[in-house]
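Protein chains: 2
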Amino acid sequence: MTITASPAWAAINAHRQAFANTHLRDLFAGDPKRVESLTLTFDDILYDFSKQRLTTETLGLLAALAREARVSDWTERMFAGERINISEGRSVLHAALRRSAGPFPNSQFDVMPDVIATRQRMAVFADRLRDGKCFGHKGMPIRDVVNIGIGGSDLGPKMMGQAMRSISHPVLGVHYVSNLDGAQMAPLLQTLDPRTTLFIVASKTFTTQETMFNANTARDWLRANLGDELVSENHFAAVSSKPERAVEFGVSRDLVFPIWDWVGGRYSLWSAVGLALMIAIGPHAFDEMLRGAERMDEHFRTAPFERNLPVVMALIGIWNTNFLGASTNAVLPYNESLKYFPSFLQQLEMESNGKSVSIGGEALDYSTCPIVWGELGNNGQHAFFQLLHQGGRIVPCDFVASVRSDYPLPKHQEALLSNCFAQSAALAFGRNEGEVRASLEKESLSPKEIADLLPHRIFAGNQPSSTLLMTSLNPGALGSLIALYEHKVFVQGAIWGINSFDQWGVELGKAVASLILPAVYDADLAKPLDASTQGLLTFTRKCIS
Amino acid sequence: MTITASPAWAAINAHRQAFANTHLRDLFAGDPKRVESLTLTFDDILYDFSKQRLTTETLGLLAALAREARVSDWTERMFAGERINISEGRSVLHAALRRSAGPFPNSQFDVMPDVIATRQRMAVFADRLRDGKCFGHKGMPIRDVVNIGIGGSDLGPKMMGQAMRSISHPVLGVHYVSNLDGAQMAPLLQTLDPRTTLFIVASKTFTTQETMFNANTARDWLRANLGDELVSENHFAAVSSKPERAVEFGVSRDLVFPIWDWVGGRYSLWSAVGLALMIAIGPHAFDEMLRGAERMDEHFRTAPFERNLPVVMALIGIWNTNFLGASTNAVLPYNESLKYFPSFLQQLEMESNGKSVSIGGEALDYSTCPIVWGELGNNGQHAFFQLLHQGGRIVPCDFVASVRSDYPLPKHQEALLSNCFAQSAALAFGRNEGEVRASLEKESLSPKEIADLLPHRIFAGNQPSSTLLMTSLNPGALGSLIALYEHKVFVQGAIWGINSFDQWGVELGKAVASLILPAVYDADLAKPLDASTQGLLTFTRKCIS
Chain A
1 MTITASPAWA AINAHRQAFA NTHLRDLFAG DPKRVESLTL TFDDILYDFS
51 KQRLTTETLG LLAALAREAR VSDWTERMFA GERINISEGR SVLHAALRRS
101 AGPFPNSQFD VMPDVIATRQ RMAVFADRLR DGKCFGHKGM PIRDVVNIGI
151 GGSDLGPKMM GQAMRSISHP VLGVHYVSNL DGAQMAPLLQ TLDPRTTLFI
201 VASKTFTTQE TMFNANTARD WLRANLGDEL VSENHFAAVS SKPERAVEFG
251 VSRDLVFPIW DWVGGRYSLW SAVGLALMIA IGPHAFDEML RGAERMDEHF
301 RTAPFERNLP VVMALIGIWN TNFLGASTNA VLPYNESLKY FPSFLQQLEM
351 ESNGKSVSIG GEALDYSTCP IVWGELGNNG QHAFFQLLHQ GGRIVPCDFV
401 ASVRSDYPLP KHQEALLSNC FAQSAALAFG RNEGEVRASL EKESLSPKEI
451 ADLLPHRIFA GNQPSSTLLM TSLNPGALGS LIALYEHKVF VQGAIWGINS
501 FDQWGVELGK AVASLILPAV YDADLAKPLD ASTQGLLTFT RKCIS
Chain B
1 MTITASPAWA AINAHRQAFA NTHLRDLFAG DPKRVESLTL TFDDILYDFS
51 KQRLTTETLG LLAALAREAR VSDWTERMFA GERINISEGR SVLHAALRRS
101 AGPFPNSQFD VMPDVIATRQ RMAVFADRLR DGKCFGHKGM PIRDVVNIGI
151 GGSDLGPKMM GQAMRSISHP VLGVHYVSNL DGAQMAPLLQ TLDPRTTLFI
201 VASKTFTTQE TMFNANTARD WLRANLGDEL VSENHFAAVS SKPERAVEFG
251 VSRDLVFPIW DWVGGRYSLW SAVGLALMIA IGPHAFDEML RGAERMDEHF
301 RTAPFERNLP VVMALIGIWN TNFLGASTNA VLPYNESLKY FPSFLQQLEM
351 ESNGKSVSIG GEALDYSTCP IVWGELGNNG QHAFFQLLHQ GGRIVPCDFV
401 ASVRSDYPLP KHQEALLSNC FAQSAALAFG RNEGEVRASL EKESLSPKEI
451 ADLLPHRIFA GNQPSSTLLM TSLNPGALGS LIALYEHKVF VQGAIWGINS
501 FDQWGVELGK AVASLILPAV YDADLAKPLD ASTQGLLTFT RKCIS
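Sequence lines, in order, name chains A and B. Position 459, counted from 1, in the first sequence is what the working numbering calls 459; the numbers after and before it change by one each time, with no gaps. Position 59, counted from 1, in the second sequence is what the working numbering calls 59; the numbers after and before it change by one each time, with no gaps.
Just so you know, the hints here were simulated from the structure itself, not pulled from any lab data. Don't take every hint at face value.
Calculated pairs, EDC-like style, for lysine to aspartate or glutamate (alpha carbon to alpha carbon, straight line, at most 16 Å) [said to hold, decoys possible]:
(1) A:K138 with A:D193
(2) B:K448 with A:E88
(3) A:K242 with A:D228
(4) A:K411 with B:D220
(5) A:K138 with A:E233
(6) B:K542 with A:D43
(7) B:K33 with B:D44
(8) A:K133 with A:E233
(9) A:K542 with A:D524
(10) B:K138 with B:D193
(11) B:K411 with A:D220
(12) A:K448 with B:E88
(13) A:K542 with B:D44
(14) B:K133 with B:E248
(15) B:K242 with B:D254
(16) B:K510 with A:E414
(17) B:K542 with A:D110
(18) A:K542 with A:D522
(19) B:K33 with B:E57
(20) B:K542 with A:E414
(21) A:K242 with A:D254
(22) A:K33 with A:E57
(23) B:K242 with B:D261
(24) B:K542 with B:D522
(25) A:K542 with B:E414
(26) A:K138 with A:E229
(27) B:K138 with B:E233
(28) B:K411 with A:D522
(29) B:K133 with B:D144
(30) A:K510 with B:E414
(31) A:K133 with A:D144
(32) A:K411 with B:D522
(33) B:K138 with B:E229
(34) B:K138 with B:D228
(35) A:K542 with B:D43
(36) A:K138 with A:D228
Kindly produce the complete structure, drawing on both the sequences and the hints.
What follows is the structure in structure tokens.
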């Protein structure tokens, strides 16, 4: 039985019809305890979802849906190391990466010795590098680290590195290169000294096209600059589940850090994929981040659904997507240090749950993952918020902010927060005709002018949002935050009945690209390709030659 | 009569029903001339929209809709300087900003003398600065320029500055600050020398909250570092339609550059708002950019609808949004230098057309602007493309790339382009069951394994996209590109019957923020606010104190 045929689903549908478009104004007016009952706290995090278009009754019905979908069973199966990533035959054990101690998942199949040993090796290397005791060409200390990776081997550490830049090493430069486009790597190389630069090549298979192109270009650059004296062992580290390939490339065996098939790329920030991040912020802060995530894991496994942050966040998404018809979800950080957070979530959510086939292989007839998008909120106010306020589309928003600033300037932070709170309030409550009229009448306009302007200045409101407020962007809170979203995605996947841990949708493009590449150089090879690709290649060749 | 009640709309609806979900595979198979007839070129730009789910017949019907909506009349009214921005009583004349000569819009109301005079003043100042002849503290030449502005006073020049960074001044640093968050400005200030830094404060009203906060912080920083010897005239320029306010702030009168009420912020890149960009790339390249835009203006005014790039692009958007039911539009640049292009388009499109009230004030019962979102394409492949390929949602995509790279590395560009072309082909044509089976059978799997994997590896295809391929990111092509999207937005606004040039939706949030700000400091002032805002403020105060 698909989930949409369940009694739980039907009950929500019935509730939704009765509920209709009840306005957030009325929901607030009707329940003085609303904010209290629709707010959760966890350590340093406040999660206020009172401005979602739901009530505690809705939440109860949604929790029943989660029970119907056996979310707890799936959770325990994940934590028990079962191969819930069926299509790839793999366990899903990223939670191991943030555990303090083992055995885990159990004493028969215990991954913790490997995890802890790797964490310790990373810490030794990171400390040595941070202390200026890791040496490049002719014994000069390494001053710049370039992480070469893409997708999960880039977004996680890069996002967290930006989030924690205020505590990053004062001298070492840590950079990220992902794109195949030379326009990312070439200008960066111009700013680096090859004698004191270390590249970390992060690729599970050590065959990722973009990563290997960039790694080869890095090696060529080192060779061109350091000549025969290049000792590539001094300039490369690697993160891979294929250590032999890394060694063959020229990485010293003791600088190859393992990753395992039970870690998905988009869940790998906690592993050696986070090495560049650990180098930037230090092993101690990295460990605090792991502890924050571990606390969230524990909360997720033990808290009742209605008080369980990842579960509640997931259920709100299900409600907005499958019952209120939202097709997107905006993520709006009010903190410059979180500027890569929307991109990170795009991968986490859309690569995990952007699927339309069930874990068992049946085509689904209901919506799954929405489009996740967003920008820094304060900038967005002057860009696309017009549409959120008056565009007539339902766009659930996640506001994310920290109370304390890592870069305080007088008065800025208070003004920033008041903007953040004001936007969610304006989206929720709007401004109705009577209010607009009263306001226009104060502007000494003629009745005709008032009548003309009135409709343009009404705000329908009822745009749903949550606010996730942290005391500060400390490593622990950030660890909790990311684990929260990871588990949210897991719960949604379980309810939608999909495998959140494979990504077959990335395969076809790669296969087609390998057919097109030779045809860039040789027109004859373009002939079997579709007419549009042929046209694009003809234009390309004409322009290159 | 609303446009949805027109015969043209009905004809498209009928066509849409007959057309149903005809697959792009069949459309390509059925018409060998398809690519030729669904590709347009303009100077250095190729626009291939053959992978949109339409035919020349569809395009003809959509062009009839544009005629029904009197798009040509609206265009001529705009170019004639009529006050088509009715709700604000303003003309819409950003096209003037890129004209070579006047009179324009006509000899009675000719804005060109002001436009050309300002352009010349900008060029003189930019050249002086670029030549090291603009002096800061104690006659030291200015080395860094910081543009302080937000929204339209930030995104346009910043985006274009990144796009043309390969030709930017080799020594001068040009930076952009927009966010109220101190975490943007404070770390930047740490890298600057107050003696040799010039701030450009760009705000039409010179009252924009974020911009004035940052401008005041800049002045405080200069004072704290240069003390009584500060001569603020040496460190500030301004762009504003309120020159007196800028002078009062401390800007030298001859460094206040005007902007006029007939330029909307999101269309102002071509004006003095582009000063920081002109400083970066030089007046000559800036002028080439204007010429590219001017050529697009001319094309837009004169080309028949079916061969008119902005019109065709607009009609495709209408088709996807109003007839195929797409609610978003992904913008996917395959060029690192275009990384801010999606953010720029978010403002241009969503602030212009994210409205649900007609220009005459009636509530609309059809969809208008979709959510515009996107990321660099190559990175996106390893992040959210999973959803585009297998998520079951229709997501029209704009692929944007340049054939030549400004930062060529051996082989990278060809591989990048083949990825770009491959993704659009894979999205369009997919991989059907038979093809997947054939491919799986080569992998020596058991029949059960094949049966299990098969559904996960099917790609439905039929995901619509266009590819905009430029020979290179030269200033002229970039000018044409932006003007193309500007006019696309205009045409869509005309068809949807909305005013694309006001933005009342940004007002309410500002008003609410001004109520909340004092309550951050004083709990008593929070009492009249809604319960959620009160809760957020209580958490905030507890954490700050």
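A quick look at each hint next to the structure:
1. A:K138 with A:D193: Distance of about 13 Å is within 16 Å: holds.
2. B:K448 with A:E88: holds, 14 Å
3. A:K242 with A:D228: Violated: K242 (chain A) and D228 (chain A) sit about 27 Å apart, past 16 Å.
4. A:K411 with B:D220: Roughly 13 Å between the alpha carbons, so the hint for K411 (chain A) and D220 (chain B) holds.
5. A:K138 with A:E233: holds, 12 Å
6. B:K542 with A:D43: holds, 14 Å
7. B:K33 with B:D44: Violated: K33 (chain B) and D44 (chain B) sit about 22 Å apart, past 16 Å.
8. A:K133 with A:E233: Distance ~15 Å between K133 (chain A) and E233 (chain A) Cα, so the pair holds.
9. A:K542 with A:D524: holds, 14 Å
10. B:K138 with B:D193: holds, 13 Å
11. B:K411 with A:D220: holds, 13 Å
12. A:K448 with B:E88: holds, 14 Å
13. A:K542 with B:D44: This hinted pair holds, its Cα atoms lying about 12 Å apart.
14. B:K133 with B:E248: violated, 25 Å
15. B:K242 with B:D254: holds, 14 Å
16. B:K510 with A:E414: holds, 14 Å
17. B:K542 with A:D110: violated, 43 Å
18. A:K542 with A:D522: holds, 12 Å
19. B:K33 with B:E57: Given that 16 Å is the threshold and the Cα spacing comes to 13 Å, the pair holds.
20. B:K542 with A:E414: Distance ~13 Å between K542 (chain B) and E414 (chain A) Cα, so the pair holds.
21. A:K242 with A:D254: Answer holds: K242 (chain A) to D254 (chain A) is near 14 Å, not above 16 Å.
22. A:K33 with A:E57: It holds: about 13 Å lies between the C-alpha atoms, which stays within 16 Å.
23. B:K242 with B:D261: Given pair K242 (chain B), D261 (chain B) holds - Cα atoms ~10 Å apart, limit 16 Å.
24. B:K542 with B:D522: Roughly 12 Å separates the two Cα atoms, so the pair holds.
25. A:K542 with B:E414: Distance of about 13 Å is within 16 Å: holds.
26. A:K138 with A:E229: Cα-Cα ~9 Å, so holds.
27. B:K138 with B:E233: The given pair, whose Cα atoms are some 12 Å apart, holds under the 16 Å limit.
28. B:K411 with A:D522: holds, 14 Å
29. B:K133 with B:D144: holds, 13 Å
30. A:K510 with B:E414: This hinted pair holds, its Cα atoms lying about 14 Å apart.
31. A:K133 with A:D144: Since the Cα atoms of K133 (chain A) and D144 (chain A) sit roughly 13 Å apart, the hinted pair holds (cutoff 16 Å).
32. A:K411 with B:D522: Holds. K411 (chain A) to D522 (chain B) sits at ~14 Å (cutoff 16 Å).
33. B:K138 with B:E229: With a Cα-Cα distance of about 9 Å, the restraint between K138 (chain B) and E229 (chain B) holds, given a limit of 16 Å.
34. B:K138 with B:D228: holds, 12 Å
35. A:K542 with B:D43: holds, 14 Å
36. A:K138 with A:D228: Satisfied, since the Cα-Cα distance of roughly 12 Å is no more than 16 Å.
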